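Colleague: Required output: the full structure, derived from the provided sequences and hints.
Residues per chain are reported as follows:
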Amino acid sequence: SAVISQKPSRDICQRGTSLTIQCQVDSQVTMMFWYRQQPGQSLTLIATANQGSEATYESGFVIDKFPISRPNLTFSTLTVSNMSPEDSSIYLCSVKKGVLNYGYTFGSGTRLTVV
Amino acid sequence: QQQVKQSPQSLIVQKGGISIINCAYENTAFDYFPWYQQFPGKGPALLIAIRPDVSEKKEGRFTISFNKSAKQFSLHIMDSQPGDSATYFCAAVTGNQFYFGTGTSLTVIP
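Listed in order, the protein sequences are those of chains P and W. Residue numbers for the first sequence, in my numbering: 1 to 115. Residue numbers for the second sequence, in my numbering: 1 to 110.
One or more hints might be untrue.
[To be verified] Here are the simulated BS3-like pairs of lysine-lysine, each with C-alpha atoms no more than 27 Å apart in a straight line:
1. W:K42 x W:K15
2. W:K5 x P:K96
3. W:K42 x P:K7
[As the list claims (entries may be wrong)] Taking beta-carbon pairs under 7 Å as the criterion, some of the chain P residues facing chain W (in silico):
4. Q38
5. S42
6. L43
7. P67
8. L92
9. F106
10. G109
[Unchecked claim] Anything over 10 Å on all C-beta distances counts as not near chain P; from chain W, calculated:
11. L11
12. I12
13. F66
14. K68
15. Q72
16. T107
17. V108
If you're looking for bench data, these hints aren't it; they were derived computationally from the structure. Predicted, not measured: the structure shown is a model, and the values here were computed from it. Just so you know, even glycine gets a beta-carbon here, dropped at the ideal spot from N, CA and C.
Modeller: Next comes the structure, spelled out in structure tokens:
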């Protein structure tokens, strides 16, 4: 399976600011995904990031709030913009390596607290 | 509409006991059913997974039982250990779409 390095691991941010989260994979992957996990909750898919195309956002998530970059097959960033306390969550990137459904790996997450 | 329902929300088991977590799904198009284990401050890690053409899969102390007709699957942790204390998520997958359960917080008491 792929090895994912996600940075930062945690951050405390002021309301109204933005934070960019980085996801680096040790090998080329076709699909990368960004999830949000609110405190005590399950994982919710924010968007799918494919290299060379615009990210595909899930219902309830918009590009202006969560812009995503995917400059190559090993790297992606998620920005949480104009943050409010409601954005306090764990943000996780995930990758699918290969075509088989069981090739999914999650990063260790970024724990974001907005004050 | 919640595609995957998971129960219980929390579970306390004595060391050496059996932990059982249940999930039920609705969409018959799902073709892969993984379980993830998540420790505090860490991302979910794939624990074990099953495809719908198999009724049971065992890996060490972890077993998935799958009932296709009832659209239910469960995780059994045999000889539960304090190190198994974590949150467990079931998921159902179709294509690239994951539908996660709401999670079960397992505590194994020494």
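Colleague: Should the interface hint for G109 of chain P be scored as holding, given a Cβ-Cβ cut-off of 7 Å against chain W?
Modeller: 5 Å, holds
Colleague: Grab the minimum beta-carbon distance between K68 of chain W and chain P and tell me whether it stays above 10 Å.
Modeller: At about 17 Å from chain P, K68 of chain W clears the 10 Å cut-off, so the statement holds.
Colleague: Please settle this one: T107 of chain W was flagged as non-interface, so is its CB more than 10 Å from every CB on chain P?
Modeller: 15 Å, holds
Colleague: Does the claim that L11 of chain W lies off the interface hold, with its Cβ farther than 10 Å from every Cβ of chain P?
Modeller: 15 Å, holds
Colleague: So is F66 of chain W really clear of chain P, every C-beta pair being over 10 Å apart?
Modeller: Consistent with the label, F66 of chain W stays out of reach of chain P, its closest Cβ about 15 Å off (over 10 Å).
Colleague: Within a Cα-Cα threshold of 27 Å, do K5 of chain W and K96 of chain P meet the stated pairing?
Modeller: 24 Å, holds
Colleague: Next item in the hint list is F106 of chain P. Is there a CB on chain W closer than 7 Å to its CB?
Modeller: This hint holds: F106 of chain P lies near chain W, its Cβ roughly 4 Å from the closest one there, short of 7 Å.
Colleague: Any Cβ of chain P at or closer than 10 Å to I12 of chain W, or is the non-interface label fine?
Modeller: Answer for I12 of chain W: holds, closest chain P Cβ roughly 17 Å.
Colleague: Does the alpha-carbon distance linking K42 of chain W and K7 of chain P stay inside the 27 Å limit?
Modeller: At roughly 13 Å apart (the allowed maximum being 27 Å), K7 of chain P and K42 of chain W satisfy the hint.
Colleague: Does the nearest C-beta of chain W fall within a distance shorter than 7 Å of the C-beta of L43 of chain P?
Modeller: Because about 5 Å separates L43 of chain P from the closest Cβ in chain W, which is inside the 7 Å limit, the hint holds.
Colleague: Quick check on Q38 of chain P please, does its C-beta sit within 7 Å of some C-beta on chain W?
Modeller: 11 Å, violated
Colleague: Given S42 of chain P as an interface hint, is the shortest Cβ-Cβ distance to chain W below 7 Å?
Modeller: 5 Å, holds
Checked against the numbered hints given earlier, the structure breaks hints 4 and 7 and satisfies all the rest.
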